[in-house]
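J.: Same order as they appear, the protein sequences are chains A and B. Numbering follows the working numbering, in which position 191 of the first sequence is assigned residue number 197; successive positions increment by one, without gaps. Numbering follows the working numbering, in which position 313 of the second sequence is assigned residue number 389; successive positions increment by one, without gaps.
Be aware that one or more of the hints could be misleading.
So, partial list: chain A residues that the calculated Cβ filter (under 10 Å) puts toward chain B [to be verified]:
no.	residue
1	Ile115
2	Asn133
3	Leu332
4	Asp418
Okay, the calculated beta carbon distance ranges per label pair [unchecked claim]:
no.	chain 1	residue 1	chain 2	residue 2	range
5	A	Val292	B	Lys440	39 to 45 Å
6	A	Lys64	B	Lys434	22 to 28 Å
7	B	Ala137	A	Phe128	41 to 47 Å
8	A	Trp391	B	Arg337	42 to 48 Å
9	A	Leu299	B	Asn133	44 to 50 Å
10	A	Gly320	B	Asp253	30 to 36 Å
11	A	Pro258	B	Val227	39 to 45 Å
12	A	Gly359	B	Val227	29 to 35 Å
13	B	Val469	A	Gly320	20 to 26 Å
14	A	Gly359	B	Tyr336	41 to 47 Å
15	B	Leu326	A	Thr169	48 to 54 Å
Please keep in mind that the hints were generated in silico from the structure rather than gathered at the bench. Just so it is clear, the structure is predicted and the values come from calculations on it, not from any experiment. C-beta atoms are modelled at their ideal positions from N, C-alpha and C, and glycine is treated no differently.
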Amino acid sequence: MYPVWQVPVMGSALVIAFIASFHILPSHLATSAFWFNVYVENKAYKENRPELLEFIKKYVLVLLIFSFIFGSLSGVGIWYALTVAAPKGISALIHNYVWGWAAEWVFFIIEVLAIYVYYYTFGRVDNKTHLTIGLIYAIGSWISMAIITGIMSFMLSPGKWLTTGAFFDGFFNPTYLPQLLMRTSFMFAVAGLYAIVVAGTLKRKEVASFIIRRASVWGMLGAVLTALFFRVYLWSLPAPARELYGMSILIPKIVPVIVVAAFAALLAWFMVVWLRPRWAKAVPGVLAILILLVGVFSAESIRERIRKPYVIGGYMYSNQIVPAGLPAKGIQGDLATIDSVGILHYSPFVPAGLRTIDTADLLKAGGEIAQIECSACHTLEPNGWLRPLPTMVRMAGLSSVDNAQAFIGFLDAFPFMPRFAGTAAEKKALAAYLVSLYRK
Amino acid sequence: MDISQMLKSLQDPMGVPFYPFVFQVLLVLTFALHIIFVNLVIGGVFMSVYGYFKKGNYYRALSKAFAKASTINFSLLIVLGVAPLLFMQVIYDPFWYTANVLSAAWMVGIVFVLMAAFSFAYVFYMKLYKDRKHIGVWGVAAFLLILLVGVTMHAVSYQALFPEQWVNWYVGGSKADLSGTILHAFQLPRFLHFIVASFAITGIFMMLYAWYFKERDDMDKSYLAWVGKTGAKMAVTFTVLQMVVGVWWLLSLPSGFQFYRNPVFLTAGVLVVLLLLVLIEAQSNPQKYALPAAGLALIGVLGMTSAREALRMLYVGRYNYSVYTYKLNLSYGSTALFAVTFLMGIVIVSYLLSVVFKMGRSSKPLDLSSLRLRTWSVYLMIAWILIMIGIGVAIAS
Ligand code: HEM
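Make a model of the complete structure from these sequences and hints.
T.: In structure tokens:
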């Protein structure tokens, strides 16, 4: 076990969530926008309409600065946040998928070069070359999305990997294809949205309305397909995830409603500007992007929640304990060892005074255990932001140590919580700690 | 718990999918690329600010050139940092993860510092081209923030090497810190070794700049000659300084290492002495010596980063840790995937670089549509997708 990074009140899980949400917009723009770009540029050359190029220059600059830089930095940010909040989780992913990530890195290099070359060769090389460079960026960034989707969907539904441990079995897992199709369609909707905002600022109105109409068609198609594949994706979920999807304490009924409402609002926006391109002003355009963001955020948070109690489905709990191991890779589960030696001995990063329960301060030892085993999903402070443990304890009515001990013994009776790992004495210490929270 | 046992228990039970030596080579190689761009950004942002404050047209032109180049180099620095980040975690995971968690707030914080630094550098660049006044503060702020990132990266890399201190830093004593807001270790000569090098590398970059643009008929020849001369002077001065700092670092290493006798280090030493000789020779005609100097500098940096890895092996060897004994779970399929992708990447990157190279040297628009790599680049990517679809279909059926 690695040390646990303690973030007061907010909880380390929310640090990841915030950075990840920030990452959504620039990263989706960075992958999607160039397809529309290449499409318009191609039209400009084929139909000899140089006025369309004005749009492209504007479109690319924002992309380069906002999307590319902030997208790649926040991507690194998610990685860092995971590194410090769930080191064993990211370690397991990396030791499985290092070559996948390394391949993705090759595409990152291609992308960063391509986007700069594209930008700085405007008007300085022939049209064919310039278009090819745009295409290289578009394909390259789609491939990097296709790779990362494999790894993310693996975390949700590792499929055959749980028995074979093989790279491609995990990569091409049951939810991979639906997710890839959904994200690809979604990409076109984002490209459309963004193009509408940029086109709205163009001086030449006939160019603007031409682009806005095309972009809204892209957007409508993209949005409808996204909804379709979202449905397929829900069907493809493994049974435990589907069960969690139906549990309202985990996913409030309002969340799917938000997703659908955001989708409907977008569709309406595309239709409005298709009919009345002149209404595509900056404020409603940006508003539409924000609505989209809320929708994506809700959808992503569903994905995070239906993975519980695992960080890597079926393999590693959110608190980074590996329950059953993976015989195909010669990995033993942690549970048996932890149950016999105790979690406070198992982790090297426990103050020496707390290791042996008999002599330690019972409440402090219990707090330490909660820190290691519960804080991935519960903040420990009463005013914490993430399912604060004191509130939970009161909800469950854990007013006596016996009560609490029994509760801990059956923690995994809740489909979204891991099994408690530790000795009987540690269970008692945790119980005492929980009861002290009840009284707070 | 015994330290070496603790390290063993922290290693990922998943094992590594290919021979650790390969990851080590990739780590050193990609780290060298990362640090070269770190050097170029530190030196480049500095020169753009320095040139802005100095009087004179040449300095002003140099300042602009560096302001623009630095925003590009900054993006490259970020992407090039990702690869060592990855390979590091494969073979040195116990060290890397613990050191990161121990300074977690810093490591997460530098992401935002980087965003701010880039934004400031970009604002500086934009305002510089619009000839605005009183904009130095943007450049200075960007420079200081970049140094702050360097300080953090160094501290975390360095504290990774002291596993016997970790528990103490985390929960022991009065300075215990669970929220990762403290940097626990710092070694000045090691840090300076990266900073001083920045100016030497940037000087060589200026020599290259002078060499590259001398073909352009629309560029001022005497300006280019001045850039070359200034760069060569900078390069030689800071290479000498770098050697002084290097010796200082050497002397501050644990004496048991006897690092001055290490063959990797000695090789790297010979390379940088050669570099110094070339740089001395280059003073009279920097443009002529730009390519050999850059080549030697590249090899020299590779030598030094290899020596840095050899040094790390000595540090971790104190706790009987060796990357070569990492558990193996060979995965030929995924290794092949990377190898093929990497080769494809080399082709496409060569294509893109050849376009820039040709374009930059011409003052008029160019027709490059007949470059053969152009269509190849697109076909290779499409082939990549088709291969993956093939594998996917095979797995599903
Ligand atoms: C302005 C930005 C940056 C600066 C100034 C910087 C500077 C440095 C320095 C000085 C070191 C060497 C530390 C030592 O050995 O003592 C280093 C190492 C490293 N940096 Fe950066 N860096 C920057 C951005 C990044 C980014 C964005 C990433 C990741 C995407 C990154 C990843 C790494 C990695 C993986 C190492 C290797 C650590 C090791 O081998 O011990 N760096 N950096």
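J.: Can you list which hints this structure breaks, lowest number first?
T.: 4, 7, 8
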